[in-house]
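From first to last, the protein sequence lines are chains A and B.
First residue of the first sequence? That's 243 in the numbering used here, and the numbers climb one at a time after it.
First residue of the second sequence? That's 3 in the numbering used here, and the numbers climb one at a time after it.
Since the hints were made in silico from the structure, they are not lab data.
Quick caveat, the model's predicted, so the values are computed rather than measured.
Heads up, some of the hints might be wrong.
[What the hints assert, rightly or not] Below are the DSBU-like pairs computed for lysine-lysine, each with C-alpha atoms no more than 35 Å apart in a straight line:
#, chain 1, residue 1, chain 2, residue 2
1, B, Lys33, A, Lys293
2, A, Lys287, B, Lys33
3, B, Lys220, B, Lys91
4, A, Lys293, B, Lys220
5, B, Lys33, A, Lys346
6, B, Lys150, A, Lys287
7, B, Lys91, A, Lys345
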Amino acid sequence: MRKWNYLLVLAAAAGGFLVSVSPVPGQGGARNAKGKDAPKAGPVKRLRDGKPDIQGFWETRNFFSAFDLEAHDKATFEVPAGKGVVVDPPDGKIPYQAWALKKKEELVNSHLADDPQAHCFLSGVPRQMYTPFGFQIMQPAGNITLLFEAFHAFRVIHLDGKPHPDENIRLFEGDSRGHWEGDTLVVDVANQNDRTWFDMAGNFHSEDIHVVERYTPVDSNTIKYEAAITDPKVFTRPWKIAFELGRNLEADYENLEYACVEGEQDLQHYTESQGGAKKDK
Amino acid sequence: MIRWAARVFGCALICLLMQRSAPAQSSAAYKAPHNGYGQPDLQGVWEARNTAAGSLEAHTASLGIRAGRSVIVDPADGKIPYQPSALAKRDDNDKHRAQADPLNKCYSPGVPRMMYLPFPLQIFQTPGYVAITSEFAHTTRIVYLERKSHYADAEFWMGDSRGHWDGDTLVVDVADFNAQTWLDASGDYHSEGLRVVERFTRTAPDVLTYEATITDPKVYTKPWTIRMPLYLDRSPDAQIFEYECAAYLPPPKVDEVKP
Numbered sequence: 243m244r245k246w247n248y249l250l251v252l253a254a255a256a257g258g259f260l261v262s263v264s265p266v267p268g269q270g271g272a273r274n275a276k277g278k279d280a281p282k283a284g285p286v287k288r289l290r291d292g293k294p295d296i297q298g299f300w301e302t303r304n305f306f307s308a309f310d311l312e313a314h315d316k317a318t319f320e321v322p323a324g325k326g327v328v329v330d331p332p333d334g335k336i337p338y339q340a341w342a343l344k345k346k347e348e349l350v351n352s353h354l355a356d357d358p359q360a361h362c363f364l365s366g367v368p369r370q371m372y373t374p375f376g377f378q379i380m381q382p383a384g385n386i387t388l389l390f391e392a393f394h395a396f397r398v399i400h401l402d403g404k405p406h407p408d409e410n411i412r413l414f415e416g417d418s419r420g421h422w423e424g425d426t427l428v429v430d431v432a433n434q435n436d437r438t439w440f441d442m443a444g445n446f447h448s449e450d451i452h453v454v455e456r457y458t459p460v461d462s463n464t465i466k467y468e469a470a471i472t473d474p475k476v477f478t479r480p481w482k483i484a485f486e487l488g489r490n491l492e493a494d495y496e497n498l499e500y501a502c503v504e505g506e507q508d509l510q511h512y513t514e515s516q517g518g519a520k521k522d523k
Numbered sequence: 003m004i005r006w007a008a009r010v011f012g013c014a015l016i017c018l019l020m021q022r023s024a025p026a027q028s029s030a031a032y033k034a035p036h037n038g039y040g041q042p043d044l045q046g047v048w049e050a051r052n053t054a055a056g057s058l059e060a061h062t063a064s065l066g067i068r069a070g071r072s073v074i075v076d077p078a079d080g081k082i083p084y085q086p087s088a089l090a091k092r093d094d095n096d097k098h099r100a101q102a103d104p105l106n107k108c109y110s111p112g113v114p115r116m117m118y119l120p121f122p123l124q125i126f127q128t129p130g131y132v133a134i135t136s137e138f139a140h141t142t143r144i145v146y147l148e149r150k151s152h153y154a155d156a157e158f159w160m161g162d163s164r165g166h167w168d169g170d171t172l173v174v175d176v177a178d179f180n181a182q183t184w185l186d187a188s189g190d191y192h193s194e195g196l197r198v199v200e201r202f203t204r205t206a207p208d209v210l211t212y213e214a215t216i217t218d219p220k221v222y223t224k225p226w227t228i229r230m231p232l233y234l235d236r237s238p239d240a241q242i243f244e245y246e247c248a249a250y251l252p253p254p255k256v257d258e259v260k261p
């Protein structure tokens, strides 16, 4: 229903609607559509067992990570300028091995149309977490369920302490096993396949990717999110991204349907040199 | 004449009785387990074990479809009460199902079709929400328990689900459908006037009885009802994986993507 069309997003960004959403860390108040004062953030809510209650609707506060995890100071056709979210290494660059950096550049230069999201495939972790349109967190007995509006993807974070399934089982979204360390939810994500990217800038990984996420609620409206990424086939060392998730404070907010496969038109927008279709002049 | 009347009224009576007694069919003494919020606990990995995905009506086997009985409990003849012109369209759909079935293009299955695909479902519950997810194409429904009204002007592949507890039964009213989904692989279909009222009741330790009453005045002569057991996966590592349908289709040739 709410179809994310890359060009629409770009048009909106160019028009300044989304650029103005530059939240102040820790203040709470994510989506605040009509300029009204958002309810003030209070202390972290608790479930009956004392664990943090992080249920509700959330959204990344760093819109630009969907385009490029690295800082990108010059806008190109598909990728607008924006701040990066790579916090380790300190230079903010993904530590690619030489061959892998070459491949990433090749993807950017001539294969952007291969972006798995442009084909409506599931986004993988961590990309799922900063894909626009937000998500709902549920904390039913036994797991934590993340329901995303984009691509109607979902993730089940198992809390039963059991191991990941056999490594022959490969999943776009991987297999997520979590536990609480104090107030931090630590999630180990394995079993991913090599068919997802990190963003729209051709950043990629192999199926040896292993992600450890840390969700730390700091107040009732803010979760600090961190993901440590390891993939010895592609990177020279582990690296880390970090950003904040803000609670969506719109009254009566609900996830709507995002039908992608059913109305896919993104591929039409890629140029021939990006691997898109030949256009009539 | 008397015989005819007896048959009709007899059927009506039996049908009525069947319907009334159905949720207690397995065991009148069975009491659904409750979760920590005082709700019947519907959580778990569930799967239909029938041939409704092939056809809701009684059907013989064909390529990829096992023979099976009808899951339609009302009307009593087990057939969908199509209007005559709609029946012709169903038969035409069926003839062209290889190309025409939306599921073959990996589109969202809609409701109720999602519930009896040969892919497991997982149900998640919190006080305000019930989420129903399917392994097929990561199909997701969120049943909102606190807000009752549907969207005034919207169409969704999966409809809009609003639920409430009727004793130990979860009742879900699903509206706002588009006309793009089918009900099974045999061309059974609906219009955007579709309305589905579902009833989920635990009727035995491993059984969730699923019932859906389907109304669509543009296509059917009267409302009709399907009913089937969904079975709980008791294996210790039960979880749903992924059938990322679109990723298994042959990739589109770039020249076929219209600029």
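Quick rundown of the hints versus the structure:
| no. | hint | verdict |
| --- | --- | --- |
| 1 | B/Lys33 x A/Lys293 | 30 Å, holds |
| 2 | A/Lys287 x B/Lys33 | 33 Å, holds |
| 3 | B/Lys220 x B/Lys91 | 13 Å, holds |
| 4 | A/Lys293 x B/Lys220 | 51 Å, violated |
| 5 | B/Lys33 x A/Lys346 | 58 Å, violated |
| 6 | B/Lys150 x A/Lys287 | 26 Å, holds |
| 7 | B/Lys91 x A/Lys345 | 51 Å, violated |
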